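Asks: Start from chain X and add chain W with the ligands according to the hints.
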Amino acid sequence: MTERYVLAVDQGTTSTRSIVFDRAGRLVAVRQREHRQHFPRPGWVEHDPEEIWANTQLTAAQALRDVASAPGQVVALGIANQRETTVVWDRATGRPVVNALVWQDTRTGPLVEQLAARPDAGLVRERTGLELAGYFAGPRLRWVLDAVPGARARAERGELLCGTMESWLVWNLTGGTDGGVHVTDVTNASRTLLMDVRTCRWDPDLLDFFGVPAAMLPGICPSVGVLGTARALPVPLPIGGALGDQQAALFGQTCFAPGEAKCTYGTGSFLLQNTGTDLVRSRHGLISTVAYQLAGEPVHYALEGSIAVTGALVQWLRDSLGLIGSAAEVETLARTVADNGGCYVVPAFSGLLAPHWAGRARGLVAGLTSYVTKGHLARAALEATGWQTRDVVRAMDADSGLPLTALRVDGGMTTNNLLMQFLADVLGTPVVRPMVGETVSLGAAYAAGLAVGVWSDTGALRRNWHRSAQWSPDPRRVAALDAAYPEWERAVRLSIAWGERA
Amino acid sequence: MPGTVQSIERAATLLHAIVESGGQMGVTELAAAVGLPKTTTHGLLRTLLAVGFVEQDPRTGRYALGAGLLGLGSRYLDANELRSRASNWADSLAGRSGCAVRLGTPAGPQVVVVHHVFRPDDSPQELEVGALLPAHATAVGKVLLAGRPAMARALADGPLEALTARTVVDPAVLLAQLQAVRGRGWAEQRDEYRLGTGGIAAPVYGPGGLVVGALGISGPVERLFADTARPALRAMVVEAAAAVSRELAS
Ligand SMILES: Nc1ncnc2c1ncn2[C@@H]1O[C@H](COP(=O)(O)OP(=O)(O)OP(=O)(O)O)[C@@H](O)[C@H]1O
Ligand SMILES: [Mg+2]
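Line by line, the protein sequences are chains X and W.
First residue of the first sequence? That's 0 in numbering that gives the first Met the number 0, and the numbers climb one at a time after it.
First residue of the second sequence? That's 0 in numbering that gives the first Met the number 0, and the numbers climb one at a time after it.
By construction, these hints were calculated from the structure, which means they are not laboratory data.
Nothing here was measured: the structure is a model prediction, and the numbers come from that model.
For every residue, glycine included, the Cβ atom is placed at its ideal position computed from N, Cα and C.
None of the hints are false.
Below, computed lysine to any residue pairings styled on SDA-like, alpha-carbon distance capped at 20 Å: (1) 373(X) to 326(X); (2) 37(W) to 61(W); (3) 373(X) to 80(W); (4) 373(X) to 77(W); (5) 37(W) to 27(W); (6) 37(W) to 56(W).
Part of the chain X face toward chain W, derived, beta carbon under 10 Å: (7) 325; (8) 326; (9) 331; (10) 334; (11) 411; (12) 419; (13) 434.
Bound-form chain X, shown alone:
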């Protein structure tokens, strides 16, 4: 019997990865390419969709070539993508009308404040399960329609198409101007502020509220199920699934049962807990989002704690301060000191998401004295990831009534042992990393493989999950960090207050 492989594309914030997995969920090939980050004005973050499309084709072709001589065949393609990043393109030419507005972009802040002041603004939270915040895709679409001359009229005539990154990629993969399929998966659609989270359809009242014409929107599809054939690769492959990257990680961690949760540590960090087929509304600052949907089955929901800046703070230490040469060296630098030296970093670069939803908050370093060295700053930067996780875990515990007993983690930052131990100590629970750190890609591969029968059901996927590492809380550190938590909370309040100044 020949082995069957699945190709996953993880279209992320900083790079695009193409990874081939075997049936046991083991990585067989990986190719990666970074794309440029454009910062045309303070607070604006853009990507060039054409560059991302080129990187997708390139890395996918490379990964396919890597396994060309292996004793197996690639039978499906799955896609995971950076969420909320918004692309608007011309149906006839296939060219984007503007660069993609990235999820970290804050230009819609004033627009969102205006919208929030409208008497009918309560509708948004009620229908979408989300906060009315500039973090989501809908306001970005509205911004493009307002800013680009003629865009609204062209969108109404159906000449412009829009979507999140998976939409853009699926349309191009399936032929682009030559019959490209214009769809979005339901997890991505659930992050636009335009979809009714219960019916999983575009909501006319929301489209009115945001001023977005229905004609430009993609069709909403299940996350697991064949969307079309990718013809733009060296070998044609069925596209068996697409999910937002965080939902893909939940899937890759095989959190299929209500109550199961994971947190992925990349550019930002995202704690998602499966709540089953029930939509659970948070009372503590989390959002309700679609976790996944298998074709022909009901939608599964999740509660989500979104943290905008974790790994990005390490990147900032590297690129903007030049304190380290590579992200991983932050651990080396942090280990030059024994503690944070009284220093706290609140990385509210573009406001704070869960559980605060303070769009105007700005970053700060609290507790500076002449004693503080770059080692303390490195430590405080890593600790910021741990403290922010504590904030969202606490909210999740309060919402679900079931305290987390262990945290499943994945993503690039999980190779940082100092951080993982801090996390175990600051949460007071074991932290567990699975055998595949590239869980986002694995989830996309699982979705696609399920759709074409590489795996029979989610039970088969669960058997692939194994623990690769575990960090256990040290009771003495747990007590010390409990005592220090109010300091962190105070620093967060200060960062919010700083942004509120008129």
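Replies: Leaving out everything else, chain W with the ligands in the frame of chain X:
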């Protein structure tokens, strides 16, 4: 200084003279500074130029330190960076082999574990990152000793501790093993560290071709060295280590 090679000594003196000048020096100046005839100095500089240890300003003809010299110091690879780059392939190796995986780097005459992936059976295991292993009794250690002669010399200075009755304690036997490891590109250890367990490891090369780490699996002897499993396990280890080397080169 008996036993030194005169031309190397002179070349070093020239390099020191350039450093002391704080910039560039002409050949006449250099010859005077080190007290050598100009022709000898010129010959030395030509060789240093060829290996990239000095550079010559095409306009003035004066000599400065070369990029090749600076490159020598940049072989240092941060251990956390190494873990981060190796992680995907270490995971994949554990999944494929069913064994625990360790990535080791030299720490004096010992091996420090910079990355550890649990045996994928979900049994309770302790993370061993930061632990020290004896180099002469482990497969990862033998790979490092084979690739790092200075480490081997440091070890050979002291007595080799017998951890089991099977530990290699005779330096001559160990050196012969290291020779073999260099030749075939992998190392094995069987009952030499703890009775009943063994290991297989292969070298990870840095971008400059230096052995910067050893990636290995370990497990029960009957599992690792069963006739049916052994060649496949070796191939997996060698392949995974090569994949990490490729990752470091990119
Ligand atoms: N060893 C490390 N210690 C701390 N931070 C790290 C480490 N390795 C990577 N990071 C950070 O993690 C992030 C990269 O991780 P990962 O590749 O999972 O991110 P990502 O969010 O998936 O990327 P993308 O945004 O492109 O999807 C970067 O922000 C980087 O700064
Ligand atoms: Mg990612």
